[in-house]
Each structure stands twice: as structure tokens, then as C-alpha cells.
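Q: The primary structure of each chain is shown beneath.
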Amino acid sequence: MNYLEHIGKYFMMLRQVFKRPQKWKVFWETLFREIEDLGLKSLGIVMFISFFIGGVVAIQTALNVDSPFIPKYLIGFATKRSMILEFGPTFTSVILAGKVGSYIASSMGTMRVTEQIDALEIMGINSLNYLVLPKVIATLLFYPFLVAIAMFLGIFGGWAAGILTDLFYSVDYIDGIQLDFKPYFLQYAIVKTVVFAFVIATIPAYHGYYVKGGSLEVGRASTQAVVWTSVAIILLNYFLTQMLLG
Amino acid sequence: MIEVKNLHKSFGDAHILKGISSTFEKGKVNMIIGQSGSGKTVFLKCLLGLHAHEEGSISFDGRVYSKLNTDEKRLLRTEIGMLFQGGALFDSLTVEENIMFPLKMFANQSKKEMLERVNFVLDRVNLPGSNFKFPAELSGGMQKRVAIARAIVMNPKYLFCDEPNSGLDPQTATVIDNLIQEITDEYQIVTVVNSHDMNSVMEIGEKILFLKDGKKAWEGTNKEIFVTDNEAIVDFVYSSNLFKKVRESYLKESK
Chain A
1 MNYLEHIGKY
11 FMMLRQVFKR
21 PQKWKVFWET
31 LFREIEDLGL
41 KSLGIVMFIS
51 FFIGGVVAIQ
61 TALNVDSPFI
71 PKYLIGFATK
81 RSMILEFGPT
91 FTSVILAGKV
101 GSYIASSMGT
111 MRVTEQIDAL
121 EIMGINSLNY
131 LVLPKVIATL
141 LFYPFLVAIA
151 MFLGIFGGWA
161 AGILTDLFYS
171 VDYIDGIQLD
181 FKPYFLQYAI
191 VKTVVFAFVI
201 ATIPAYHGYY
211 VKGGSLEVGR
221 ASTQAVVWTS
231 VAIILLNYFL
241 TQMLLG
Chain B
1 MIEVKNLHKS
11 FGDAHILKGI
21 SSTFEKGKVN
31 MIIGQSGSGK
41 TVFLKCLLGL
51 HAHEEGSISF
61 DGRVYSKLNT
71 DEKRLLRTEI
81 GMLFQGGALF
91 DSLTVEENIM
101 FPLKMFANQS
111 KKEMLERVNF
121 VLDRVNLPGS
131 NFKFPAELSG
141 GMQKRVAIAR
151 AIVMNPKYLF
161 CDEPNSGLDP
171 QTATVIDNLI
181 QEITDEYQIV
191 TVVNSHDMNS
201 VMEIGEKILF
211 LKDGKKAWEG
221 TNKEIFVTDN
231 EAIVDFVYSS
241 NLFKKVRESY
251 LKESK
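Chains A and B are the protein sequences, given in the same order.
Quick note: the first sequence, position 71, residue 71 per the numbering used here, numbers continuous.
Quick note: the second sequence, position 94, residue 94 per the numbering used here, numbers continuous.
Rather than coming from a laboratory, the hints here were simulated on the basis of the structure.
A few of these clues could be false.
As the list claims (entries may be wrong) - One side only, chain A facing chain B, incomplete, derived with CB under 10 Å: (1) N2; (2) L4; (3) H6; (4) V26; (5) K99; (6) S102; (7) M111; (8) T114; (9) E115; (10) I117; (11) G124; (12) Y130.
Claimed, not checked - Think about it this way: if two alpha-carbon atoms lie no more than 27 Å apart in a straight line, the pair counts; the simulated DSS-like pairs of lysine-lysine are: (13) A/K19 - B/K67; (14) B/K18 - A/K212; (15) B/K112 - A/K23; (16) B/K26 - B/K244; (17) B/K73 - A/K212; (18) B/K212 - A/K25; (19) B/K133 - B/K111; (20) A/K212 - B/K45; (21) A/K25 - B/K112; (22) A/K25 - B/K45; (23) A/K23 - B/K111; (24) B/K104 - A/K23; (25) B/K212 - B/K26; (26) B/K216 - A/K9; (27) B/K104 - A/K25; (28) B/K112 - B/K45; (29) B/K111 - A/K212; (30) A/K25 - B/K111; (31) B/K252 - B/K45; (32) A/K19 - B/K207; (33) A/K23 - B/K73; (34) B/K133 - A/K23; (35) B/K45 - B/K73; (36) A/K19 - B/K73.
All residues carry an ideal CB built from backbone N, CA and C; glycine is no exception.
In isolation and in its complexed conformation, chain A is listed as follows (with noise of 0.2 Å):
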């Protein structure tokens, strides 16, 4: 199959995603067993490498930045920039789609081959609606929130590093954080992030509902919807930012 009959395909199938559920009840006990799988339980992760990537953005431009001509609040200033603009958003949607989409393509295509959305199918249930719509919204409702933890741990993890390694003061550090905030800049980030949560609980959907054949294919499919999860983010995010911030 051509890339062009995976996208249409992959639009075809947003349109029985984006359906009115058949029991609303059944629909809020699902979204919220996701907000658990997709969204709580990725929470340590995130937080464990957002604090040591805030750690490493600081001593790195610490370590950068020794000309007496450059101010010391600039390491500061720096890392505050960088979680907020890239790697809160970005690097985290980045793991978010390993992490969550190889879970969601694996569960799903497990599904398929024990023909448990054939069931599904025969009971008279939308499937993709059932299966896929809770995930999207739970995605699109936690990951805004899992994407400000980060950004906050980031930038707390670069202060740490300072105070661990003696290579800038808290104080300046504490100036740099606070010099020329821009609240269009967490706009921009939390537009990202909702558009890559999407792609997130979208892409890999795709790729273990339609998986076809036994065990190794719902592997393979788990690593083409990572591999193409993060693509698409890859490539949002270029042309997100040229439109947002070019």
C-alpha cells in the first residue's frame, strides 16, 4: 500500500472516531481508565528526564558561556527557553509517543488478532469510536498538563544542577528565569502539545487497528507507529513553529 492510501485511510478512520458515543456512561468509565493508562502512569517518566534534561540544558550553557562579556543570568534565561519552546513540548511528546503509542499500537493490535474488535464489531459497537475516541480525548485533556509539569521540573532541574555543581549562582540563575517572559510562548507550547497529542493517540490507533497477521506483526506495527509517530511530530513541529513564531 502507497503513502497515499495509508493517509486517506488514515482520514477515513478519524471519521468513525469522531462519532457521538452510543453510552455516554460506558464513554466516561473509558476516558477515564485512559487519562490512567495513557496520561498517570506516564507521569514519572516524564518527570524523571524533564528534570535531568532541565539539569543537563544548564550545566551545558554553563559550561558555554564563560566569556566575563556574557551575563550569568543568560544560563537561566536559556534553559527557561529551551523547556518551554522545545523540550517540554517536543522532547516529551517524543517519549510520550514511544512510551504511550507503542502501548496503545500493541494493545490494539493484540485486539485485532483475537478478534476482540470483531467482537466488538459484531455486538454493533463503533469499535473505532469505543476504542479510539477515549484515548484522544484523554491525550488531548492530560498531556497539556503532563507537558507544564515538565517544563516546570526542567527548569527547576537546571537550578539544581547550578546549586550541585557550583557553576552558576542561584541567584542569578533565579533573574535569568524571570527576565522577558513571554505568555504567547507557553501559547505556542500548549498548541503543540495538543497537536501532538492527537498525533499521538491517533497514529498508533491506526496502526494496530488494521493490523493483520499474528504476534511479530503486532510488533512490527508497534514499532512503525513510533517510528511515524515521531515523524509526524518531527515535522509538525517545524511547520507549527514557522507559522506560529515565523
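Place chain B on chain A using the hints.
A: Just chain B now, with coordinates in the frame of chain A:
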């Protein structure tokens, strides 16, 4: 009654079903048999609406499937119960949640009423008290019984079974066969079973449809199968020495 007329189905250049016509009646266990690759599974999936057919028609008590809109098709599907080869139970749900699932989606009942119905069907398949077990904690036969319970919980008009005995020991297979037969008689539903198991065919197959190379090669009852001289079905059924001897003794006795 399910009526199939001149059903054709292809995948690319491969013409799988070549004009199959048949009827499946209420209160009878209708069996579809045939060699691997004869088109049985594709035929069953066409009946279930999982594969769209190119030519011909399938009607459920006069409702022609291809002429129904999406909502009507979904409504019709709520009248269908299906027992999959592997059970197709939802792994993340308990036995009780699996059986209650169609009720939660389609029946406007209170939790108490749903629980009563779940316990009733669990009793019916001889699995009382297994409500809180997960599918992974059950044996193959028990999983099949839970799948039957889920299939009948909505009081279906049509029950489809895909290889209900595959992977089961003969004793458990007989239990499943008897259960299918009893449910068909009790609820007067149209039951269609896709099977390889000749014991099942002889035991409960009140009507048998034999497919060969995507065509209907023979149709009859489990009694007629002993006396038919149709070469295709004789070659298929009596490829085993045991069945050959059973047939010979049957024919001797009837003379």
C-alpha cells in the same frame, strides 16, 4: 431464518466464494463444513457482515443486509451472538464484566437487573461463581463457555460459532456441542456453526452445508451424510478409517 442467495466474494484476483446459496432455519444447528481454504471462514464473515460481498444477498428474516443503513446494521448486530474460535473475551475485563458488556452498551437495565441476567447465563453455561475471574485464569473450555454466555446474554435471534471445539479435549468438546444444541432448542434461534470436527457434525449438525473450492458441493442432514453418494462429501467425511467403518455398518444395518 437466514437466507443466502448467490453469494460471491473476492480478494483481489482470488475469487473465494462462487455463488453460494442456502438457508439456515430457526431452532436448528446448521453446520458449515469443508477443507481448509474452501471458503468457510470467509462465508461466515460475510454472514456476520465483517466482509462485504460483491454479488448476491444475505437476508435475516427478510431484512436484506446490504440494503440496511449503518444504524440498521448495528441494530441487527445486537440480535447476533457470536462464539469466536479463541473466545475473543476482553482480557482486561473480568468474566462478569465481559458478559455484562453488551448489556451495558445496549440494554436499559439497572445494575441489579444486569447482574441477575449475568448470573443467570453463567448458571446456564455451568459456571456459577466465576464472576470475578479474568479470562487468563480460565481453561480453554471455560473460556468458550464464558464466550457462549456473553453471546446469549442479549437473547440473540442468531448464534454464530466459529470452530467451537478447536483446541478442546473430546469430553469438553462434547460439553460445548451439547450446550450449543440445548441453547438452540431452548431459545429457538438460528445457529450457524463453522466446524472441522466431524464428531460435532454427526452429533449436532441438523443441517450441513459442505463447501468445496468456494462452491456449495453438498447440502443435507447428518443422517443423509451416511447414505449420500456425492463423491466430494464422501471423500471429505470418510477420509478417516473410523468414519468409513461407521458408514459401512450404518449402510449394512439399513439394508
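Q: Hint by hint, which ones does this structure get wrong, listed from lowest number up?
A: Of the numbered hints given earlier, those the structure breaks are 1, 2, 3, 5, 6, 16, 18, 22, 26, 28, 29, 31, 32, listed in rising order.
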